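Enquirer: These are the residues of each chain, in order.
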Amino acid sequence: MAASPRVFTISELNAQVHELLEASFPELWVEGEISNCKAYPSGHTYLSLKDDKAQVRAVLFKGSAFGVKFKFQDGLKILARGRVTSYEARGELQFIISAAEPREKGALQLALEQLKAKLQAEGLFDEDRKKPLPLFPKSVGVVTSGQGAAVRDVIHVLSRRWPGINIRVWPVKVQGPGAADEIAGAIQGFNELAPDTDVLLVGRGGGSIEDLWAFNEEPVARAIAASEIPVISCVGHETDTTIADFVADLRAPTPSAAAEMAVQEKAAVLDRIAELNDAATQILRDALENLGRRLAYAAAHPLLSDPRRLWEQRVQRVDDLSMRLPEALRRLLETRGLRRGAAAGRLDAISPLNVLARGYAIATSKGKVLTNARQVKKGDPVTVRLSQGELNCEVS
Amino acid sequence: MAKEPKTETFEKSLESLEELVRELEAGDKGLDESLALFEKGVGLSKELSKRLEDAKTKVESLSKEGGKLVKKPFAPED
Chain A
1 MAASPRVFTI
11 SELNAQVHEL
21 LEASFPELWV
31 EGEISNCKAY
41 PSGHTYLSLK
51 DDKAQVRAVL
61 FKGSAFGVKF
71 KFQDGLKILA
81 RGRVTSYEAR
91 GELQFIISAA
101 EPREKGALQL
111 ALEQLKAKLQ
121 AEGLFDEDRK
131 KPLPLFPKSV
141 GVVTSGQGAA
151 VRDVIHVLSR
161 RWPGINIRVW
171 PVKVQGPGAA
181 DEIAGAIQGF
191 NELAPDTDVL
201 LVGRGGGSIE
211 DLWAFNEEPV
221 ARAIAASEIP
231 VISCVGHETD
241 TTIADFVADL
251 RAPTPSAAAE
261 MAVQEKAAVL
271 DRIAELNDAA
281 TQILRDALEN
291 LGRRLAYAAA
301 HPLLSDPRRL
311 WEQRVQRVDD
321 LSMRLPEALR
331 RLLETRGLRR
341 GAAAGRLDAI
351 SPLNVLARGY
361 AIATSKGKVL
371 TNARQVKKGD
381 PVTVRLSQGE
391 LNCEVS
Chain B
1 MAKEPKTETF
11 EKSLESLEEL
21 VRELEAGDKG
31 LDESLALFEK
41 GVGLSKELSK
51 RLEDAKTKVE
61 SLSKEGGKLV
71 KKPFAPED
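Heads up: the sequence lines are chains A and B, in that order.
Be aware that the first sequence starts at 1, since it is given in our numbering, and climbs by one per residue.
Be aware that the second sequence starts at 1, since it is given in our numbering, and climbs by one per residue.
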């Protein structure tokens, strides 16, 4: 007689499978694409890992998340290390991730791109957010390591370019755990406790991407974006662009370069002031010279240098008038004499021929004798009868 | 805490000086006005130069302790 088969409860079944799975698989690496990824407020992230034929449920617990520098998102191909187990309540196969690397890029690179995309979408890199730098800062804040070349270079450049400047160093850890929070805290500290600082230099000397990592972290980016004091970022040497560089109001390749950008050369400003002073002096000197020349010219004018010329003119005019006076008188008397003669010769004068013989003429137009210029108009024919013969004319 | 306007003022004074020289250069002012501008300009440039004379660079170290600002003279840590 066959023994009756053992009947498992579902819980028993799932528990046995669970044990078997956990016992049979050592920690292993899987490669797959993330899908159905959901981050819960608890800090755990649930997802599926799949290839083109199959998929498995997976979870990244909060406690392991610190080992994963980038954010899980759908479509991302990853190499994940973990163990195989099951979720007994559902009898589901589950892969518990303890570490992960993106398949196609480095984890840091990917995290950088992810944060960059997020902050960019928020508008934190926008040009119109950038604050202008003060032209003549009196105090410069420096957020960097209290040791090493960077801070010494910055102090050296600032005090060389603008002797008398007030330099405020807020020493921070620039790499390793906690560095980002210290950097962000110093930026906030300046804004809260020393808001009369005119400009902030935030950075460090060069290093590997891991060394510079703090400047790619969100707290630093947020602190720079929130800073009322303009920020010049200066991280590493030339080629490394960090998130801090994108958010800052101005980016300098190195701390020394940031110091150069922050303050002008006092000597050059003094030269400029002297130049303006000289220009004003020169302009005024020219203006005075010009006025002097005009005065000299005016003073040398013949009328001023030889005032006789003023009355010479008048003397001449008087002479001229006194010459014309007798002539006028003579003409007046002549006219009167003519009138007297005219009365005597009146009869004679009535004969037109006699009149014509004296050189007068009779003008007729269209058969009428003209006695008034208004009798004719322009273009009319006029016949002028002289003592001898006629002239045919036209009024012009 | 309001910002001290002093850096602004230096900037403004320098701008005034530049504007004043431009006005003089334009040459459309009477002598009295030009002289007044000139006098003001010389005064400004003296004042500006004087303000830059303070050459004592101060290097402080700032930190926050118990929510308060602590200022110390800065000495590199190495």
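Quick caveat, the hints were computed from the structure, so don't treat them as lab data.
Take the hints with a grain of salt, since some may be wrong.
Calculated cross-link-like contacts (lysine-lysine; reagent style DSS-like; alpha-carbon spacing at most 27 Å) [what the hints assert, rightly or not]:
| # | chain 1 | residue 1 | chain 2 | residue 2 |
| --- | --- | --- | --- | --- |
| 1 | A | K173 | B | K46 |
| 2 | B | K56 | A | K266 |
| 3 | A | K130 | B | K40 |
| 4 | A | K130 | B | K12 |
| 5 | B | K58 | A | K173 |
| 6 | A | K173 | B | K71 |
| 7 | B | K12 | A | K173 |
| 8 | B | K71 | A | K53 |
| 9 | A | K130 | B | K56 |
| 10 | A | K266 | B | K68 |
| 11 | B | K40 | A | K131 |
| 12 | B | K29 | A | K138 |
| 13 | A | K116 | A | K138 |
| 14 | A | K105 | A | K38 |
| 15 | A | K77 | A | K138 |
| 16 | A | K266 | B | K46 |
| 17 | A | K131 | B | K46 |
| 18 | A | K173 | B | K64 |
| 19 | B | K71 | A | K138 |
| 20 | A | K131 | B | K64 |
| 21 | A | K130 | B | K72 |
| 22 | A | K266 | B | K50 |
| 23 | B | K40 | A | K266 |
On a predicted model such as this, the values are computed, not experimentally measured, just so you know.
Enquirer: Taking the hints in turn, state whether each one holds.
Expert: Results of checking the hints against the structure:
1. A:K173 / B:K46: violated, 44 Å
2. B:K56 / A:K266: This hinted pair holds, its Cα atoms lying about 13 Å apart.
3. A:K130 / B:K40: violated, 36 Å
4. A:K130 / B:K12: Measuring from Cα to Cα gives roughly 22 Å; hence the hint holds.
5. B:K58 / A:K173: holds, 23 Å
6. A:K173 / B:K71: holds, 18 Å
7. B:K12 / A:K173: violated, 39 Å
8. B:K71 / A:K53: Cα-Cα ~64 Å, so violated.
9. A:K130 / B:K56: Judged against 27 Å, a Cα distance of about 31 Å means the pair is violated.
10. A:K266 / B:K68: Distance of about 33 Å is beyond 27 Å: violated.
11. B:K40 / A:K131: The given pair, whose Cα atoms are some 33 Å apart, is violated under the 27 Å limit.
12. B:K29 / A:K138: At roughly 36 Å apart (the allowed maximum being 27 Å), K138 (chain A) and K29 (chain B) break the hint.
13. A:K116 / A:K138: Violated. K116 (chain A) to K138 (chain A) sits at ~33 Å, over the 27 Å cutoff.
14. A:K105 / A:K38: With a Cα-Cα distance of about 22 Å, the restraint between K105 (chain A) and K38 (chain A) holds, given a limit of 27 Å.
15. A:K77 / A:K138: violated, 52 Å
16. A:K266 / B:K46: Answer holds: K266 (chain A) to K46 (chain B) is near 15 Å, not above 27 Å.
17. A:K131 / B:K46: violated, 31 Å
18. A:K173 / B:K64: Within the cut-off at roughly 14 Å; holds.
19. B:K71 / A:K138: Answer holds: K71 (chain B) to K138 (chain A) is near 17 Å, not above 27 Å.
20. A:K131 / B:K64: holds, 26 Å
21. A:K130 / B:K72: violated, 31 Å
22. A:K266 / B:K50: Holds, because 12 Å separates the two Cα atoms, which is no more than 27 Å.
23. B:K40 / A:K266: holds, 23 Å
Violated hints, in rising order: 1, 3, 7, 8, 9, 10, 11, 12, 13, 15, 17, 21; the structure is consistent with all others.
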